[in-house]
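Note that the protein sequences, when read in sequence, are chains R and F.
The working numbering puts the first residue of the first sequence at 26, with every later residue one more than the last.
The working numbering puts the first residue of the second sequence at -4, with every later residue one more than the last.
Rather than coming from a laboratory, the hints here were simulated on the basis of the structure.
Think of the CB as a built atom: it goes at the ideal place given N, C-alpha and C, for glycine as much as any other residue.
Mixed in with the good hints there might be a few duds.
[To be verified] Chain F is nowhere near these chain R residues, computed Cβ spacing over 12 Å in every case:
no., residue
1, His77
2, His99
3, Arg100
4, Ala118
5, Asp138
6, Asp146
7, Tyr155
8, Lys156
[What the hints assert, rightly or not] Ranges between beta-carbon positions, derived for each pair:
no., chain 1, residue 1, chain 2, residue 2, range
9, R, Lys91, F, Arg365, 42 to 52 Å
10, F, Glu301, R, Leu79, 45 to 55 Å
11, R, Gly63, F, Gly293, 32 to 42 Å
12, R, Ala118, F, Thr236, 23 to 33 Å
13, F, Lys351, R, Leu103, 40 to 50 Å
[To be verified] Mimicking DSS-like on lysine-lysine, the simulated pairs with C-alpha atoms at most 27 Å apart in a straight line are:
no., chain 1, residue 1, chain 2, residue 2
14, F, Lys182, R, Lys133
15, F, Lys217, F, Lys368
16, R, Lys136, R, Lys147
17, F, Lys182, F, Lys252
18, R, Lys75, F, Lys91
19, F, Lys11, F, Lys388
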Amino acid sequence: MEAPMLIPPYPVPSNLSQPFWDGTRRGKFLLQKCGACGAYRWTPQWLCTKCHSLDFAWVEASGDAKVYSFSVVHRPPLPGFKAPYVVATVELAEGPMMLTNIVDCDPKDVKIDMKVKVTFDKVSDEISLYKFRPA
Amino acid sequence: MSQQREVAIVGVHATKQQRNSGRSALALIQEATNAALDDAGLKMKDVDGYIAFTFEGGNGSGVNEGNIAHQFGQPIAFTAQISGAYAVQMAAGAIKQGYADVVVIPAAGSTTLGGGKAASYTRPEYEFTEWTGSMTPAQFAIIARRHMHEYGTTIEQMAEVASRIQHNGNINPEAVLFGRAADTPEKVLNAPMIAEPFTRAMCSLVNDGASCIVVTSAERAKDCRHDPIWVLGGAMENRATSYFEAPTLDMMNSRDKMLRGFQRAGIRHEDTDIVMCYDHFAHGPIVQMETLGFCKPGEGGHYVPEVMGLDSKHPICPDGGNLSYSHNMIPYNFKQIEIVRQFRNDVPDLCPEGHKGIHTYDRRICRKVRDPKLAVGAGPMTEGRHGFVLLAKD
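Work out the full structure: start from the sequences and follow the hints.
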């Protein structure tokens, strides 16, 4: 019998997102920036979500954000998550909203509008997850 | 604008909704389709339109528009992949345009065998979602908490909404949680915490079951078994794909589009009776009543508990909703089906002669809404997709 998977499911990059994951592996937080209007976007897209230009570059972002909203999860959906943990939507300084985890603090201390900073969690040779901690 | 009575729902069916049915989604969906056609007094040979979410299952093929035609042994003219209020509106458009005469809208889910295994669509293997551990309650808990932050909505208000819906499920013998639902705010708040602020009783069920709606023209409806339930209009607007983009309150920006749906149909909110909100989580009816335009953004926490009772202005989810009747992973058709059954006075509850259509209106045992004539069926109405349909009886 196959052993149950006890690690969370790790991301599998696409050809669009590979530069992002290459960045996190090197400790860099990259976002797509539109070559025409300069807007940042998340999640990765081939098209600018503001002006629809196909022209973009991956550029290093500040890693600064604030908590838009969050939930403390007590019953994880899958094996491999250690409850309680914090899932949040954060508003990046560059504008886009991002789903992530808030780490390095007591879940009780997380607040909406709290300033947070990106941090990287290396889970394999290929993948470093991007999470946020209190700034 | 005048109300158009050109297209009608003429048949509905829901199979037994239950946990661990041991049956495949494919078997369930075929049962529901045949039974809904029988309810309409129509035959499979009458069907030339098919709207359903596709899924894998069965003998390697599952349900999609190509092989459903093959399974039915006849060509299908009009197909689309959606469910619930969206599907009813698409069926109405196709029928008015002449692409199809009789459209079936089946849906099914089974945790046991294929077709939505463990709510697979809420668990996309998506590189920016799955590792966060947000599936599924946390996704919506984030939205609920933001609504609380921006508008002062309280956890007690959400518990009140959930408990009123669960009360209806508690007295619905067809509900998965019949007799076991958390039918008081205290029971809702004291249930195990899943993802703050949601306790288990504020989260929808996960169970097996199928449903089907049959839609046809006014002309064809004349020959059907039941009186037609008219499709007067509605609205649809997409904003994102739930579970792929970070959850926010962006869906509230669909309010103008929803209001225009009422205007186009010539319907005033105050003239509607039942409102079938999509109660996937306890904040759902609050945010949706605001977005549908029943109250202003931010007023839902106060407004919804006041109007949602079975004897109040706009009874919400008299079937027990997704919280206690059924969430079979594709639960959107139930919203329209409950409206049809209330209109027809086909409302199983604990009234001694309820099965004969004789109701007591004693709310401890009776969930029949008094003389409903006009209703709102919402859903899909989640964070990415907003849609509702207006249904009326003569």
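Tested hints:
At the 12 Å boundary, the C-beta of His77 (chain R) stays outside the reach of chain F, the nearest C-beta of that chain being 16 Å off. Listed as outside the interface, His99 (chain R) is inconsistent with that label: its C-beta sits roughly 5 Å from the nearest C-beta of chain F, within the 12 Å cut-off. Under the 12 Å C-beta cut-off, the non-interface status given to Arg100 (chain R) relative to chain F is violated; the minimum distance is some 5 Å. In this structure Ala118 (chain R) is separated from chain F by more than 12 Å, as the shortest Cβ-Cβ distance comes to about 15 Å.
Non-interface status of Asp138 (chain R) relative to chain F is broken: a Cβ of that chain comes within 12 Å, the nearest being about 8 Å off. A Cβ of chain F approaches the Cβ of Asp146 (chain R) within 12 Å, the least distance being about 9 Å, so the stated non-interface status is violated. Non-interface status of Tyr155 (chain R) relative to chain F is broken: a Cβ of that chain comes within 12 Å, the nearest being about 9 Å off. A beta-carbon of chain F comes within 12 Å of the beta-carbon of Lys156 (chain R); the shortest separation is about 9 Å.
Separated by about 49 Å at the C-beta atoms, Lys91 (chain R) and Arg365 (chain F) satisfy the suggested range of 42 to 52 Å. Taking 45 to 55 Å as the suggested C-beta distance range, the pair Glu301 (chain F) and Leu79 (chain R) conforms, at roughly 50 Å. Remark: the range hint 32 to 42 Å for Gly63 (chain R) to Gly293 (chain F) is upheld by a beta-carbon distance near 33 Å. Checking the proposed 23 to 33 Å range against Ala118 (chain R) and Thr236 (chain F) shows it holds: the Cβ atoms sit about 25 Å from each other.
Remark: the range hint 40 to 50 Å for Lys351 (chain F) to Leu103 (chain R) is upheld by a beta-carbon distance near 48 Å. Our distance criterion of 27 Å between C-alpha atoms is met by Lys182 (chain F) and Lys133 (chain R), whose separation comes to about 24 Å. The straight-line distance between the Cα atoms of Lys217 (chain F) and Lys368 (chain F) is roughly 19 Å, inside the 27 Å bound, and the hint therefore holds. As the CA atoms of Lys136 (chain R) and Lys147 (chain R) are separated by approximately 26 Å, the hinted pair is consistent with the 27 Å bound.
Taking the CA atoms of Lys182 (chain F) and Lys252 (chain F), the gap is near 37 Å; set against the 27 Å cutoff, the hint is violated. Taken as a hint, the Lys75 (chain R) and Lys91 (chain F) pair is broken in the structure, with Cα atoms around 36 Å apart against an allowance of 27 Å. With a C-alpha separation of about 26 Å, the suggested pairing of Lys11 (chain F) with Lys388 (chain F) holds against the 27 Å cut-off.
The structure fails to meet hints 2, 3, 5, 6, 7, 8, 17, 18 from the earlier list, while all remaining hints are met.
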